[in-house]
Every structure is written in C-alpha cells, then in structure tokens.
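Letter by letter, the chains look like this.
There are 2 protein chains.
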Amino acid sequence: MIKINEVKKYDGETVEIRGFVKQVRDLKKMQFLVIRDITESVQVTVFKNEENKALNEKIAALTLESSVKVKGKVHVDDFVKLNGVELLAEEVTVANLANNNMPIDLTDFNESNRDLRMDWRFLDLRSREHQLIFRVQTTAEMAMREFWIENGFTEIHSPKLMGNPSESGAELFELNYFGGKAYLAQSPQFYKQMGIAAGFERVFEIGPVFRANKSFTSRHDTEFTSVDCEIAWIDSYEDIMKFEERWIEYLVKRVKEKHGDEIKEVLGREITVPKVPFPRVTMEEAKEIIKSLNYTVPPETKGDLDPTAEKLLGKYFKEKYDSDFVFVTEFPTSIRPFYHMYKEGDPTKTLSFDLLWNGLEVTTGAQREHRFPVIVKQGIEKGLIPANAIDANGEVVRENLPQGLKDYLSCFDYGCPPHGGYGFGLTRMLMNLLGYTNVREVTFIYRGVDRLRP
Amino acid sequence: MIKINEVKKYDGETVEIRGFVKQVRDLKKMQFLVIRDITESVQVTVFKNEENKALNEKIAALTLESSVKVKGKVHVDDFVKLNGVELLAEEVTVANLANNNMPIDLTDFNESNRDLRMDWRFLDLRSREHQLIFRVQTTAEMAMREFWIENGFTEIHSPKLMGNPSESGAELFELNYFGGKAYLAQSPQFYKQMGIAAGFERVFEIGPVFRANKSFTSRHDTEFTSVDCEIAWIDSYEDIMKFEERWIEYLVKRVKEKHGDEIKEVLGREITVPKVPFPRVTMEEAKEIIKSLNYTVPPETKGDLDPTAEKLLGKYFKEKYDSDFVFVTEFPTSIRPFYHMYKEGDPTKTLSFDLLWNGLEVTTGAQREHRFPVIVKQGIEKGLIPANAIDANGEVVRENLPQGLKDYLSCFDYGCPPHGGYGFGLTRMLMNLLGYTNVREVTFIYRGVDRLRP
Numbered sequence: 001m002i003k004i005n006e007v008k009k010y011d012g013e014t015v016e017i018r019g020f021v022k023q024v025r026d027l028k029k030m031q032f033l034v035i036r037d038i039t040e041s042v043q044v045t046v047f048k049n050e051e052n053k054a055l056n057e058k059i060a061a062l063t064l065e066s067s068v069k070v071k072g073k074v075h076v077d078d079f080v081k082l083n084g085v086e087l088l089a090e091e092v093t094v095a096n097l098a099n100n101n102m103p104i105d106l107t108d109f110n111e112s113n114r115d116l117r118m119d120w121r122f123l124d125l126r127s128r129e130h131q132l133i134f135r136v137q138t139t140a141e142m143a144m145r146e147f148w149i150e151n152g153f154t155e156i157h158s159p160k161l162m163g164n165p166s167e168s169g170a171e172l173f174e175l176n177y178f179g180g181k182a183y184l185a186q187s188p189q190f191y192k193q194m195g196i197a198a199g200f201e202r203v204f205e206i207g208p209v210f211r212a213n214k215s216f217t218s219r220h221d222t223e224f225t226s227v228d229c230e231i232a233w234i235d236s237y238e239d240i241m242k243f244e245e246r247w248i249e250y251l252v253k254r255v256k257e258k259h260g261d262e263i264k265e266v267l268g269r270e271i272t273v274p275k276v277p278f279p280r281v282t283m284e285e286a287k288e289i290i291k292s293l294n295y296t297v298p299p300e301t302k303g304d305l306d307p308t309a310e311k312l313l314g315k316y317f318k319e320k321y322d323s324d325f326v327f328v329t330e331f332p333t334s335i336r337p338f339y340h341m342y343k344e345g346d347p348t349k350t351l352s353f354d355l356l357w358n359g360l361e362v363t364t365g366a367q368r369e370h371r372f373p374v375i376v377k378q379g380i381e382k383g384l385i386p387a388n389a390i391d392a393n394g395e396v397v398r399e400n401l402p403q404g405l406k407d408y409l410s411c412f413d414y415g416c417p418p419h420g421g422y423g424f425g426l427t428r429m430l431m432n433l434l435g436y437t438n439v440r441e442v443t444f445i446y447r448g449v450d451r452l453r454p
Numbered sequence: 001m002i003k004i005n006e007v008k009k010y011d012g013e014t015v016e017i018r019g020f021v022k023q024v025r026d027l028k029k030m031q032f033l034v035i036r037d038i039t040e041s042v043q044v045t046v047f048k049n050e051e052n053k054a055l056n057e058k059i060a061a062l063t064l065e066s067s068v069k070v071k072g073k074v075h076v077d078d079f080v081k082l083n084g085v086e087l088l089a090e091e092v093t094v095a096n097l098a099n100n101n102m103p104i105d106l107t108d109f110n111e112s113n114r115d116l117r118m119d120w121r122f123l124d125l126r127s128r129e130h131q132l133i134f135r136v137q138t139t140a141e142m143a144m145r146e147f148w149i150e151n152g153f154t155e156i157h158s159p160k161l162m163g164n165p166s167e168s169g170a171e172l173f174e175l176n177y178f179g180g181k182a183y184l185a186q187s188p189q190f191y192k193q194m195g196i197a198a199g200f201e202r203v204f205e206i207g208p209v210f211r212a213n214k215s216f217t218s219r220h221d222t223e224f225t226s227v228d229c230e231i232a233w234i235d236s237y238e239d240i241m242k243f244e245e246r247w248i249e250y251l252v253k254r255v256k257e258k259h260g261d262e263i264k265e266v267l268g269r270e271i272t273v274p275k276v277p278f279p280r281v282t283m284e285e286a287k288e289i290i291k292s293l294n295y296t297v298p299p300e301t302k303g304d305l306d307p308t309a310e311k312l313l314g315k316y317f318k319e320k321y322d323s324d325f326v327f328v329t330e331f332p333t334s335i336r337p338f339y340h341m342y343k344e345g346d347p348t349k350t351l352s353f354d355l356l357w358n359g360l361e362v363t364t365g366a367q368r369e370h371r372f373p374v375i376v377k378q379g380i381e382k383g384l385i386p387a388n389a390i391d392a393n394g395e396v397v398r399e400n401l402p403q404g405l406k407d408y409l410s411c412f413d414y415g416c417p418p419h420g421g422y423g424f425g426l427t428r429m430l431m432n433l434l435g436y437t438n439v440r441e442v443t444f445i446y447r448g449v450d451r452l453r454p
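For the record, the sequence lines run as chains L and H. When the count follows our numbering, it moves up by one through the first sequence with no breaks and lands on 454 for the last residue. When the count follows our numbering, it moves up by one through the second sequence with no breaks and lands on 454 for the last residue.
Bear in mind the hints are in silico, worked out from the structure with no lab data behind them. In this text, all values refer to a predicted model and were calculated from it rather than measured experimentally.
Below 25 Å or equal to it, Euclidean Cα-Cα: the simulated DSS-like pairs (lysine-lysine) are:
(1) L/K343 / H/K69
(2) H/K181 / L/K214
(3) H/K343 / L/K69
(4) L/K181 / H/K181
(5) H/K69 / L/K242
(6) L/K3 / H/K242
(7) H/K242 / L/K69
Rough simulated footprint, nothing fancy, chain L against chain H, three-plus residues with beta-carbon under 8 Å:
(8) 87-97
(9) 152-163
(10) 177-185
(11) 210-222
(12) 405-416
Built from N, CA and C at the ideal position, the CB exists for glycine as well.
With the rest of the complex left out, here is chain L (with noise of 0.2 Å):
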C-alpha cells in the first residue's frame, strides 16, 4: 500500500492505491479513471478485453467519488498527460460505491456557491486546495508549539465554562448548568494569566473560544479557534513583540519548507518568510502617515484604525520598508481593556499593540498590569469595579471587589509576576498565508449566526 505521490518510483512494479475515483472515462477500447489520496492524483488505465472482463464490467458501474483500492503496474510514461504515470490495472476493489447524485460541484469554489458547499463540507473539503489548507494548518500549529516548548513554555487547556462573564459582558453566550447559568468562554485571556499567577511562567493554548457576535461578514464566526500565550518576566511589552516576530518567521519558515512548493503549484502564490524585526509604530505615527495618504480615520473608531487605515498602513510599510508586517503600538487606553498597563506617565496609552500582516489586524498583544492596587483602580476608572474597592489610602478594600472579577483579581494579591503576551486567529494567519479573503473557506467546519450545521 503506498501513497499516490510515491507511485513514480515503483515503474515497472506491482502497487497498491486508495483513494476517491475523481474521473471515469469509458471508452471503446480502454478505460480510464483518475484516483486522488490526500497527496496526489493518478491515472488509472484497464484496456477493454476478455481477459478484464470482470474489471471492465466493475470499472463501468463506478460512481464518482467512490472509495476504492486499486492493484496495478506503475508505468512511467511522459505521454500521460496527469504526472507522466499510469497505472495499469489487474484489480479494483470498491470500498464504498458513492451515491451518483452529487449534490455539489467539486471543482467550483465560487461565491455563489458556498452556502451549499458548506452544507456539504465533507464532499467540498475533498479537492486539493481545500485540503492543502488544513495540511498548512497542521503544520503551522505544529511549528507555534515547537517554538514555544524550545522556549520553556507549558501548554493549559482553560475552561469554556464559566461562572461568570468573561471580559465585556457582551456577546456572551449563556447556558443552563444544572438550573444556575453558565456562560462560554470569549478568550482564555484571564486563565492564561491565571497559568502565570500560578507560576507557570510561559504558557499557551490553541483552543476554541465563542463569540455571540451577530455579523455576517467574511470574517466573523460565532466560534473559532484562539491561539494564545503569555509570558511572565517580561521588561516591557517590546519583549512580547520580538517574541512573537520570531515566533512567526519560524512557523512561515516551516510551511514554507514542507508545503511552499505545492501552495505555488496548487495556490499560485509564493510564500516569503518575513525579516524580522518588523517595524514599529505608535499609534500617533500612525495616524500621521494615514493622514499624510489622505484619509481620516472616521472618529466612529474611537481611536482606533478602520479597515481602510489598516490597509493604507500595510500598504505604506509594504512599499517602504519592504515588511508584510508592522506592529502598531500604544494603543489609547480608551479602547483597550482596563487590565492592560497604561504608559508611565501618561495614562492615555496603553503598552499594547495590534499586528497587521498585509494590512489585517492578526494579533492583539500587551504588557498586563500586574500590580493589585492599579489594576483594581483602572477596573474602577472603567466602571467594572465599584469605587469604594479602594480606600482613601489608595489600599484595595478586597471585600468590594465585585465578585465576577474577585478570582481573575486575586491572582495580582499574591505576588504575579509583570507579564505580557498576545492572542492570534488561527483562521486569519491562514487566510493572510494562502489568500483567502472569507473565513469559512480557512474553517474546518465553520460556524456562524445562521450555521450550525453540519
């Protein structure tokens, strides 16, 4: 049993396939098919004889994306047009006859087409391209854990459930737990740096995270898969930033050297491992360049960038600086949560940053406030926590602490180290590496406001 990619090397030998029969041609005096594993297709060849009688007659009842084994001699031959091999066939075995009525075109990936295709995920994730992707992704996650193990890092699965709102409150989903409530985790955010209070120093999570969001955009989904980590010890949030610079030339590097080839062939695009250091730039910078492009950043943003801002500013670093990447830093604490460090002397920036990668926002990172009594005041000044959990002393009064936020508090009571890290979408490095522009093409099984099927 050998893997179709493999079959060039046995010509002249007797091999055995599997794999889907992607084509059937049945001619007057031959038969073809065309069978794909998950590495590669291969003609199958059978002349029509009385010898093959049996196989003829077999060959003829198959059903496009049947499953079947096939015994053959390997024969290297330039003229055949799929790869210079065929096989030619001594035995065929149906593993499972595939029902004639395909309800999708498997080779037609069009827009207009994608609902159905995604009703029938199984039968569209079966071409090449679309596999390639989560052959990317396996090597990708793969890499990311392999830097961060040769790093000292552990790894934490956090919990889901919850007893209390995460974050914000907002677009929470809520569940019945045995008659009280329990709500779905939106980030493993406070349990990571609970994994720092618990001295754990360096961890990470690839892991599920949902979202009650009711967009229906390219690039929301009401669950996805969160890549997190964080990082104790930390001097400054510029330590998470060259982190995680490294972090991605290397996991680039590694799809680079095991898929690159194929994703030029399959994709037609070219994967370029980024120099590092990325640029940087403060947010003021920011705003100074997109202004100096002639856009204004709509004041809706708060201060923050909008799409176009985001693109214009990859474009920019793109063309003069040559980077795919640019980090945008100091972020106004405004739109930042209350648990990032603001900057020392002045508590209008945060030490946080988000990542653009082709002018899409990847990442947000940030140095954490680990000191109890000014992360209690900055929860206070965000109207999280009540005003009287800090006495005129400026010392944490711990019994008004609101009790959503006494456990994720109390670990900055025992001794947490400073600490830092960020947060990556797993779907958008994939989107962002193989260009794809919706999310649920890069989505195993994707879900949305109005999908929860299959």
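Here the structure of chain L is known, so what remains is to put chain H in place on it, guided by the hints.
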C-alpha cells in the same frame, strides 16, 4: 537572567534569577530566602551589616509568595542543604509583594482541603509537584502530535457548538443560540469521521468536550480535554490497536526521557515504557478470567465490565504477562453505539475495544460502520432512525432519515472509506502516569457540577 536549575554552573559568578519567595528566615546575623522558579529552588543568603542595611530592610519586609528578582554571586558549597549552592545576594528587586494573609497552605495537598485549594487554584499550582503535572502533560501531548504527524495525520478543530444533539442526547448542555437552540459537543466523534469522509485519511484533535453529568465522583467532570484520532483505510480494528499501542509507547518514552528523573524525585514514581504489543482479550475471555478470580460482574453493567472487574483484569495481566495495559475487545452490541461495526456473522458483538491501563479504562475505540445501508439499519435497530428509512429492497430512503443525523449519515452515502479510531482521556492518562486518583488534581482549572470557578 538564568533559570534556577542552572545556578550551580556559575560558581563564583554574578547571576540574576527570578521567582517566588518560598521561605524567609531572618536571623541575628544572616538572612536566608528560598526562591523558586519553574525549574528549581535556591537559597539566597545575605549578611546583616551596615553595608547591606537597605537590602536587609527590604528582605525583612518580604512576604511569602512575593515575586522577586535577585542578583548575587553564586557560591557552590556542600554545606548548603538545598542543592549545595547559595546565592550571596547583592540586589533584591520586589516585582510584586504578596498579601501576607495566605488563604491556603501551599504544601498541604490533602483531600480534606481540596475544595479550598481549588478555590485558590493559582496558589495551589505553585508547588513543584503540581507544576510537574502540567509540564508532563505538555510533553505527552507534544509527543502524541509528533507521532501523529510523523504518520501522516491532519489536525482538525471540530465545532463545539452543534445544531443537533450528538450521540445519545443524554448529558447534553443546551444553550440559547440567537433565539434558537444549540448544544455543546460531547465528543468530536461525528466530526472526526467527517474528516475521514472529506478525504483527510488520518485526523487528530485535542480539545474540550462537555458532559452535563451530575456525578460528584473523583473521576467525573463537566468539561475535559478529549484526545481523539481517526484512521481511514484500515483492514480491521486490529490496525487501530496496533497504532494506539505504538503511540502510547512513544509518548511514555518521551515523558520518561524528559521528566523521568524528576518524577522519581518529586513523586517517587518510576515511569516504565510499556512493551508492545499489549495483550488482547475478548470480552468473553475477560469474563472467564474474572469468573476464575471468583468475581461476578453485577448484572447492572448489562454486559460491560464494572470498575472492580477492570481492576481485577488489570492485575491479572500485570501478574501473568507483566503488562500494565490490556485491550478488551468485541464488546457486546447492546452497550456500543450504532456506528460501531458489528462482527461479521455475529451481530451481537462489535469490532471495538477498550484499553485498560493499570485496570482503569483510558480508551474506547472501534472500527466504524462505513456502509450506508448498514449503518442506517443499525441506527434503526437502536431506535435512533425510523424504520421507514430503509425500504423493502434494503435501500436507504434518504428523505426519511432523521434531521439530527442526516448530515452525519450522508457522509457514508458518498464513498467514505473504511475507518476506525479511538478517544483517549487526557486526565486519565496523567492519573495513570503520575499516580493521581482524583481528576481535579490533574486538571488545570476543574469544572464540575458545583464548580464553575475560578
């Protein structure tokens, strides 16, 4: 900045370490600290004198579990009890001063205080014993993935939100989904098979699953990390067992290499790499053995083994074959799901297995039924599919398939190849490997009927 387990290499040199304060002894002429990071502990020594006055005061004010940086000269000396090395402190920087009012005793891991320890899990995890569990988990998971990827597997992230109840409908968490209903996945079973139907050939997933189980035992939780894989083109479920035993051999080997000495030192436990193949025994044979040991499985198990029988069987195979593992095969159809393949010629038996490790079940595996009419028939027999879904000629009447199973069953209508797989409990693996008996101890943040926090 070095790790504490490297300190000894730097005799006579000045180094900087970081960690938590685990002990403070303030004597007349000397001060001693014990500082611990993720790797080790080290003694820090300071002489009390005029020159050190500021430092002496700082140390006198230190609380346990504060996080500090210490700069000092390494002094290797066999007289120092703790690893024969001390750091003569020159500088101590307090990164975060801990509340002096410690809510739990960080060295007392008794069952009696478990609930309180779980309330303060981030403190409970600061011990070397507990951190070791998760460093072992990290290595074990990485080894699993290495072995899978080496063998051509693709990683998937299957959805945890489902539009229809999965397998049984029992123990399901239900949530409000934009006015409709959704359910939390109890296992990735259907989706990993969808990966096979999608032509991925070999898939794996490590991710959370959810069970609304009201049990309060030492083995039960409402959320845990499930380890799953599925393999296409198998000839028999024997192929699955053959794969799994080599996979376990590999992961135990990696754990022993990386942590064997520390596990022995900290937990007093010898890690033994298992010999493959593991013994196999059919359920019928297993029951004969149990009978010969003068035990009768109570009828409530309906043909399954109860924990006592599993323990006896584990002991028997340990004594007779020196194996910690045994596969019990051919489980009765009556206690297996409808998608397990039945034994040819004996439909009362399934081509399935459980793996016992030290007499505790860690895996359920099986060859799956991939033949469309057969799986529908089995579903009808189990009462999950209406009888009119098969007509008088034995053909599937597709429009009569139940809505909730239609997407799953359709996978077998389009050439899904023969396949099988297994599921593996991550916590059960850790309990067996490290000798813990309560799932709460080996879960990062435990979730149970009455525990949704922290």
